[in-house]
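Please build the complete structure, drawing on both the sequences and the hints.
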Amino acid sequence: MTRSLRTLAPHYVMLLPFFALFVVFFLYPIGSGFYYSFFQWDAINEPTYVGVENYSDIMGSRKFEKGITNILTYVAITVPLGITVAFLLAVLVDSFNGFWSKVFRSAYFVPVMMPLFLAATLWRWIYAPNFGILNTFLGWFGIDSINFLNNTDTMLLAMIAVDVWVSAGFNMVIILAGLKNVPQHLYEAARLDGANKLQEIRYVTIPMIAPVLFFVVTYGFISALQVFDVPWLLTTSEFTSYGGRRQTLLFPVMDMIGRGFGALKFGEAAAYGFILTVIIMTVTATLFLIRRRIK
Amino acid sequence: MGLKTTTLSVSAAMLMTAASSVSAQDVTLDYWVYADFATGAAGDLQEAFISEFEEANPGVTINMTGRAGGDLTAGTIAGAASGDIPDIFMNTTAVGAQLDQAGALANIYPYWSALPQDVRDQFNPELIDLCTPRPETMLCIPYTGYGSFMYRNLGVLEEAGIDPDAPIETWDQWLAQMEQIDAAGKTAVPDMSLIWFSILAVYAGLVDESAWGIDWETKTTLIQPEPYARALEVIAQMEPYSSGTSLWDQATNDLFTSGELAFSLNGPWANPGYEKAAEANSDFRYDWVLVPGPEAGSSGGVQGYEMIGIAPGENAEIAFNFVMHVVEKEQMVRWASELGRYNSNQAALDAVGENSLLEITAAAIPGSLYNRPPFFEGVYPADYYQTMVDFAQEVVGGDMTAEEAAAATVEALNELLQDG
Chain A
1 MTRSLRTLAP
11 HYVMLLPFFA
21 LFVVFFLYPI
31 GSGFYYSFFQ
41 WDAINEPTYV
51 GVENYSDIMG
61 SRKFEKGITN
71 ILTYVAITVP
81 LGITVAFLLA
91 VLVDSFNGFW
101 SKVFRSAYFV
111 PVMMPLFLAA
121 TLWRWIYAPN
131 FGILNTFLGW
141 FGIDSINFLN
151 NTDTMLLAMI
161 AVDVWVSAGF
171 NMVIILAGLK
181 NVPQHLYEAA
191 RLDGANKLQE
201 IRYVTIPMIA
211 PVLFFVVTYG
221 FISALQVFDV
231 PWLLTTSEFT
241 SYGGRRQTLL
251 FPVMDMIGRG
261 FGALKFGEAA
271 AYGFILTVII
281 MTVTATLFLI
291 RRRIK
Chain B
1001 MGLKTTTLSV
1011 SAAMLMTAAS
1021 SVSAQDVTLD
1031 YWVYADFATG
1041 AAGDLQEAFI
1051 SEFEEANPGV
1061 TINMTGRAGG
1071 DLTAGTIAGA
1081 ASGDIPDIFM
1091 NTTAVGAQLD
1101 QAGALANIYP
1111 YWSALPQDVR
1121 DQFNPELIDL
1131 CTPRPETMLC
1141 IPYTGYGSFM
1151 YRNLGVLEEA
1161 GIDPDAPIET
1171 WDQWLAQMEQ
1181 IDAAGKTAVP
1191 DMSLIWFSIL
1201 AVYAGLVDES
1211 AWGIDWETKT
1221 TLIQPEPYAR
1231 ALEVIAQMEP
1241 YSSGTSLWDQ
1251 ATNDLFTSGE
1261 LAFSLNGPWA
1271 NPGYEKAAEA
1281 NSDFRYDWVL
1291 VPGPEAGSSG
1301 GVQGYEMIGI
1311 APGENAEIAF
1321 NFVMHVVEKE
1331 QMVRWASELG
1341 RYNSNQAALD
1351 AVGENSLLEI
1361 TAAAIPGSLY
1371 NRPPFFEGVY
1381 PADYYQTMVD
1391 FAQEVVGGDM
1401 TAEEAAAATV
1411 EALNELLQDG
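Chains as they are written, first to last, in this note's numbering: chain A, 1 to 295; chain B, 1001 to 1420.
Some clues are possibly wrong.
[Stated by the list, open to error] Incomplete in silico selection of chain B near chain A, CB under 10 angstroms:
#, residue
1, Thr1073
2, Gly1103
3, Ala1176
4, Glu1179
5, Ile1195
6, Asp1249
The hints are simulated quantities; they were obtained by calculation from the structure and are not laboratory data.
Where is the CB? At the ideal position from N, CA and C, for every residue including glycine.
Okay, structure coming up:
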């Protein structure tokens, strides 16, 4: 025992800097946030203990209801759509070799590297009524100008399009890495058995890259549930005014930030964070459970 | 003693006072400014003010950082919460209540009241009152300010056959010009219903300060439904001539500078961009007029002020001395002359020679409404402005009459305020 401790001690000592940083920058903020979620606190005056009032106030508020409705709709569309687009792009890029493979891979990855405020400005221009590229294009077919970012019927879809455009490149690169690892002889065998391209994808590609797809799906859910920057920028939101027309693009993280920095209700904002954490953990655990069942 | 000599001696006295108050230990002050005040000509001036102060106060170092408006607020509030707040920071008085509630603002009244009377007399007393919400409690030094006005693209007006010298003081004249512009295949205005700033600019033509803002005692909005309905009606009349983009959209700016849009309601901050665009494109010519009101002699617009706040703590006094150096007449004359920016130092504004941007800003202020009054009293609910916008768009979309929307706006805002 003593000997093994002596052997292991240097390893633990070497790990100590990491654990110290982990405690200071990870565990302490989480613990502190959880503590403040039971207090009414404006960041400067003494916090007042309010029990679970912050949690009940949030869950009883119309904004929370709106935010949750919006996020559910958004997740239901954006996760499958985003992953399908990324998968198709990966298959397309994988079908090229050499120079063109690199060109397409880089081209699809550009939106990931582009600063988001720039992407949002670009898309606000694309969506601009009367003068935007999209409306000009629709005008050629006799379709009246649409205010995509202000019409409550189109706002969410317009935002999802931007989101997919931004995130598809990242998911594509991950899926592409998975595709490269699929042994070629499996495709050859499938072809010998008379499989067409779609059947190759259905019976070879998807099962072989299932772990990669699972990662992309899980990551997609987690990112989607925390969506903030794209709707914030598209609606030109501020701490004191966010979510766009009729709060069509109001999402939970925006509301959390607004309660904190807009209304100085840091206790509520902390509670909001923990509600979101519970939701995200539940979704992730469910995904893992589904995967285990499928396996 | 001439005015200039007085100013110099006051300035020197302040710098010396500052120097004597610096302890033997070196002091570094963090100074957060608006991003556009940290670059270009404004940045050069700020650097010059800092160098002058540092030179006169050996041991004092000032670190200036430029930050966007939202970052300034979030960073200052987060800093106040964690005890790591910048010593000196700019922001708009519109977030004064938030900063005050967060404990980010030191009470500088003792330092202010100790200043010589002739220094205090340099400032616009109304703006000093604005920073002094309670007796013997002064929370900021008023800095720059604006009254919004209307930029006009002269090329577009000419294409539409409009004489730029023709009066455009009333809504009727404005709408008549919009019709001509539309007939010429150009766009007249941004969509005025998309942001509170443009709604308020129109509403300001009809009312004074008593009909705008929040009564925090009763937690009710001060918006008056009748004039507000009239403003919404006019905004709806402008809709057919609008670009569909908001005043603050980059697309609106691009349309204006590229000769597609005739009118852009904005503040003096838009001018440097327009100046650059005009230098790059000789076809782009512009001027400015007041935002038209319902009748001749009235005008609309929004006014707002930037302030400099000082964090509570041991550096507060030296920070105050630095701020006074920045806002003192000599510096403000340079600031106003070079940038054409309106500011709180009335003596400096009076001393600046002809400057048309300064003149239009000053002329716009009497007809304008404050952006978020009353300052330093309460934090506006997050949905306040969005509610105004939502109902304005119901009118523009034809889903509500202006009267219905005005009544619904007031009701919804009161509900928001009551809910806290």
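Checklist line | Those earlier numbered hints the structure runs against, lowest number first | finding: Violated: hints 3, 4.
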